[in-house]
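K.L.:
One letter stands for each residue in the lines below.
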Amino acid sequence: MTDDRGLYLYAVVPADTHIDGVPPGVGDRQSDLIRHEDLGLVAHEVDLADLARLNEPSADPGQLAELAQRHDRVVRAAMEAATAVLPFRLGTVLADRQSARQFLVERWEDLRRGLGRLTNCEEWGVTVRAEGSSEPQQTRSGSTPDRPGTAYLTRRRQQLDDAESRRRTRSARAAEIDEALHELSVDSAHGPKRGVTVLLDETYLVRRPETSAFLDAVDRCGARLSGEGIELRLTGPWPPYSFARLEGCPD
Amino acid sequence: MTARPPATMHGRPPDSLADVLERVLDRGVVIVGDIVISVLDIELLTLKVRLLIASADTAQKMGIDWWTRDPFLNASAGALELENQELRGRLAELERRLGIEGPSR
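Heads up: the sequence lines are chains V and L, in that order.
Residues in the first sequence are numbered from -18 upward in steps of one, following our numbering.
Residues in the second sequence are numbered from 235 upward in steps of one, following our numbering.
Chain V extracted, bound-state conformation (with noise of 0.2 Å):
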């Protein structure tokens, strides 16, 4: 097993695309690229034994958390010097170089036609959650008042009718914030976490060329958030990971 080899792949790029500053990646080796025609394969030889490892049970999930950082960090590193880069999800290994040919000659025309959409491309990811509860909150009470029973009653009526619109409010907000940002990307992906307090969960798919666009469009959305008890988080730019399809295969 210790002998068996493999070729980890990261990503397609264009076959023109100098990899030199790409970092070390799984296993701490040098990635270099795979052409055919116009396409090219960033990858590099792997110890199967040291993926094969993670899988068991006692595996420690730093480990994994290493692998994760270190392909993303490849990724990344071939996005910054390529036009486009199509990513692969984590673990992807091939036999050798001479099956990664044979894959980019089979599915040249679905590579080019994956990569050409990502052209240019990045992803932004976007959360925005509701601070603290959406709970009424307690009113102080003044001097005890003539039917504190009646005031009691209008005064909880009143917390929860604030706690509703406030709910309503927040909502309209993030509705806001995702059409804003949707107008200025070219895709968008529903993220997981949406729930009761994650009012949004998107992650965009932005031109380059309108990242500064898209960036003040957050900035905007952010700044209207403020004392509305609404938190907006952004990521990235991250390789456009959500956005990674192949025709005829499984997403």
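The reader is advised that the hints may include incorrect statements.
Chain L side only, calculated, beta carbon under 7 Å to chain V, not exhaustive [unchecked claim]: (1) ASP253; (2) LEU255; (3) VAL263; (4) ILE271; (5) VAL273; (6) LEU274; (7) ASP275; (8) ILE334.
These are calculated hints, taken from the structure and not from any lab test.
Positions of the beta carbon are idealized from the N, C-alpha and C atoms, including for glycine.
Starting from the known structure of chain V, arrange chain L on it as the hints suggest.
P.N.:
What follows is chain L alone, placed relative to chain V:
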């Protein structure tokens, strides 16, 4: 690639490990067929990561702390209890002023 000040008025924290894991574990092109050697059981790893970040400590460090802010899972019970106490106090005060005996406890 972007040489501009960080977006959003809060400043931008670096992408966390949880962000990286979310993207590289679940996304990206998947190839199937004979040429692929399956060395990583991604489903197993995803499950492991989920378990890892489900432990409250780690999750909060990674910034995943939605439940601490979820009123349903968190403070609302305490708030109701407080309100209840306040009402009992007020009722007792009212009864005292009116000279009525409260129900025996």
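K.L.:
Each of the hints needs a verdict: does it hold here or not?
P.N.:
Hint by hint, here is what the structure shows:
1. ASP253: 5 Å, holds
2. LEU255: 5 Å, holds
3. VAL263: 5 Å, holds
4. ILE271: It holds, given that the least Cβ distance between L/ILE271 and chain V is near 5 Å, below 7 Å.
5. VAL273: Holds - the Cβ of L/VAL273 comes within 7 Å of chain V, reaching about 4 Å at its closest.
6. LEU274: 3 Å, holds
7. ASP275: 5 Å, holds
8. ILE334: 15 Å, violated
Of the numbered hints stated above, the single one contradicted by the structure is hint 8.
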